[in-house]
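**Student:** Chain by chain, the residues:
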Amino acid sequence: MDAPARKSKLIRGATGDWEVIIGMEVHAQVASRAKLFSGASTEFGGEANTHVSLVDAAMPGMLPVINAECVRQAVRTGLGLNAKINPRSVFDRKNYFYPDLPQGYQISQYKSPIVGEGEVIVDMPDGETVRVGIERLHLEQDAGKSLHEQNPTMSLVDLNRAGVALMEIVSKPDLRSAEEAKAFVAKLRNVLRYLGTCDGDMEKGNLRADINVSVRRPGEPLGTRCEIKNVNSIRFIGQAIEHEARRQIEVIEDGGAIEQETRLFDPAKGETRSMRTKEEAHDYRYFPDPDLLPLELSPALVAELKAHLPELPDAKKARFMRDYALTAYDADVLVAERETAEYFETLLGGSGTAQRRDPKLAANWVINELAGRLNREGKDITAAPVSAAQLGTILDLIGDGTISGKIAKDVFEIVWTEGGDPRVIVEQRGLKQVTDVAALEKLVAAIVAQHPDKVADARTNPKAIGWFVGQVMKASGGKANPQAVNDLLKQKIGI
Amino acid sequence: MTDLTSLTLAQARDALRTKEFSAAELTEAHLGAMAKARALNAFVLETPERALQMAKASDARLAKGDAGPLEGLPLGIKDLFCTAGVRTTACSHILDNFVPPYESTVTANLWRDGAVLLGKLNNDEFAMGSSNETSYFGPVISPWRRHGSNAKLVPGGSSGGAAAAVAANLCLGATGTDTGGSIRQPAAFCGVVGLKPTYGRCSRWGIVAFASSLDQAGPFARTVRDCAILLRSMASPDAKDTTCIDLPVPDYEKAIGASVKGMRIGIPKEYRMPGMAAEIEALWQRGAQWLKEAGAEPIDISLPMTKYALPAYYIVAPAEASSNLARYDGVRYGLRVGGRDVVAMYENTRAAGFGKEVRRRIMIGTYVLSAGYYDAYYLRAQKVRTLIKRDFEECFAKGINAILTPATPSAAFALGEKGGADPIEMYLNDVFTVTVNMAGLPGIAVPAGLDAQGLPLGLQLIGRPFEEETLFALGHIIEQAAGQFRPRPWWN
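Sequence order for the protein chains is Z and U. Following the numbering used here, the numbering of the first sequence begins with 8 at its first residue and continues without gaps. Following the numbering used here, the numbering of the second sequence begins with 130 at its first residue and continues without gaps.
Don't read these hints as lab results, they were simulated from the structure. Quick caveat, the model's predicted, so the values are computed rather than measured. Check the hints yourself; a few may be wrong.
[To be verified] Pair ranges (Cβ atoms, derived):
1. 545/U <-> 153/Z: 43 to 51 Å
2. 103/Z <-> 516/U: 30 to 38 Å
3. 228/U <-> 210/Z: 34 to 42 Å
4. 260/Z <-> 505/U: 38 to 46 Å
5. 318/Z <-> 225/U: 57 to 65 Å
Beta carbons are placed, not taken as given, at the ideal position from N, Cα and C, and that holds for glycine.
Using the sequences plus the hints, can you model the full thing?
**Tutor:** Right under this line is the structure:
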């Protein structure tokens, strides 16, 4: 936070440069079947108030019992964020009245969270690496939902979500731009999805962020911050920060002062607006929940969870670069989604370098053909019509010279729309590359005979042979083996 | 045939096994006694049909030789215990017509063992009180009267209905809850035995919460043995209550008659309050003498933090209560008083639904947890609590087996006599009992004599954690020496 301002991140105001300081509180729904303190289902959707236990509805005499799986998920997440796991943490009550908060308090962790300081490394597209400190991670209950539009005279309450486990992950104010904040959330989401501790589905509200924004002149002390509540898409996070930073700069440059307050982002207008000021802030009267004992984690449990952590994006990227000789860019793209990396490695196949398919070729196909096609159709890689096995066969057919790269794209298209075994498709539709030298020689001879001028050309400028290759390929319907054609042409023309 | 309602719980149990009478007859006798004793206002809900049904089912099991430990024994249940399909209100207007669809663990254990539900017993609203005068259903009248006086006396509280019903032979035993003395003080006022077990011995699941870190369910009965029998059924491990201990439940009845030879009994000097009645002091000394005669060794001890217990208790308990009672908001169940918006609905509902004492404690609790006051009050009270616990631990570490104290600083007082102007006057009733809750220890109140006006006085024994058996053994010695005390049934 006290590092010198990075010049490229500064925002130009009317009176000079400004540095924007951003910290985030990300609320991630814990992937678990049951709620944090009750056995009720966490399933999304479902008719209102169908996933509600007596505990969730805060009936008299009901008591919370911690869901051990949620605790394990929080510890896994802490380990994945390279964070300190606290052997003893405490659940507190955060007291306030709201109809969708049946107990009249939210069970959260205030002074003693389950996870302490950690770090997330964010690689920016321009090659810069930003290290974002994690302040803490704690477990807490989600609230229910108030529905104000369904009845003209009453508000309705749906408690399906009440009591669902959330992890609140708090970053240090280490972010300096909307771009960095977006990249941080994307990276965090990616890590959570690798760990399997949160599905990261922002549309369902399973991952949302509160954003603390302040501005200052480079080198000056921190300014007063405003908190933007509950932003639920990465794009909105960027827009909210951009707007809020601009707003604060304008206020200060106009001689005003920033008041500490809570603000809301309006996606329709792309702006933030005041929700409540510091004076209106609740007094939550936190105190340790007497219904729950302090949460104690044995070193053995933590060690066991650590031993079973999956490979995380940073490690996977490094391994892809080291073992497959991929570029940083390719590796980044491939590890950005766990499923993409899995697809890629399935596609590579084999266990040693001997049996393995060519990593560079495989990476190109996944990044360009497959990802491009998925993108166009808005499909997820887990629902890709061309399986890794099918694409693998296509790569094999290219590798052994059965088809050309160009034909391969056609085969890919056929498999995408019609399905089937690429080998059978190539066979049945006569897409095999022509490597029969006698047949090719005839084609080459005919083309050379038709264009004596170009032949002379090619003799002085060997690059011009490309034109001949193109003509032969065209005449073969794309099935000629380009390497064989090339060799024959050189022979024929005599270069 | 003798009056079935005057039997002890153990006597009735044995007689049912030898078929001297049926469970239905036993229950009918109690229902009859209840009907004649409505002037006491001990029950806020009688469940005669269910009682007879349960008794007949008990008779069937007795006939098959399939009887549980409490088979056919009629009990009263404090209205703080949720009983499935039976109205449960905590004696508060805010839960007026609340019928829980679930059964508390403690009462479920009782029914499992064959006990019969006679009805729900009166208590101070949300168990907040020491006289049973804060109940929305009106005060309980003690079955006891002073010599030559018809003045209505309080039964103590908050489990006043339980203590009065057991003393007046309306049930063989009853359940209570004790947060700061709510079992032991009314037991002492009504001349019956009442035990608060170690925190965590009985599950709190399904009991309307007052102060979660202090609340504990326990039995009332006319003898120590009967309390031992009841506790064995009430106590159990419970996965639904994290604070409930996972320890097997001993056969407490075996402790009755066990030798107390060589036991070291602490007599804490701090419980000798200035201005304490001479007859309380005399009773205390008599109690120590009885234990000595039985082979135990009274030893003077010091519990220096005692004087801070009451003020610390009146911070911790209201703090937890202010949060525990937030759920009574009119949104999902219980009373709702509408308003122009949701905040007005909260305000109207809670203003109408909670009585004065409950409102006072919610406000005290809210205040002591507020930003800026938390450290000075709540945090400090918690530190005091740790020190109180340490006081006891040090004594036990020095070989003290149990501690003997008076149960209350006085005998029962008249309705309306205390707390009208100054609530602290009422709070002082708990001065000998709250330390035990603050330390999470077991404590038993045993009748030990009558005062000059003919009202019962009790002694309290405080034990080591989960050593209730020691209390039953020692309590039985006092009971044998002091004899039993029954009120004259003026209400019939």
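**Student:** Broken hints, numbered, in rising order?
**Tutor:** none
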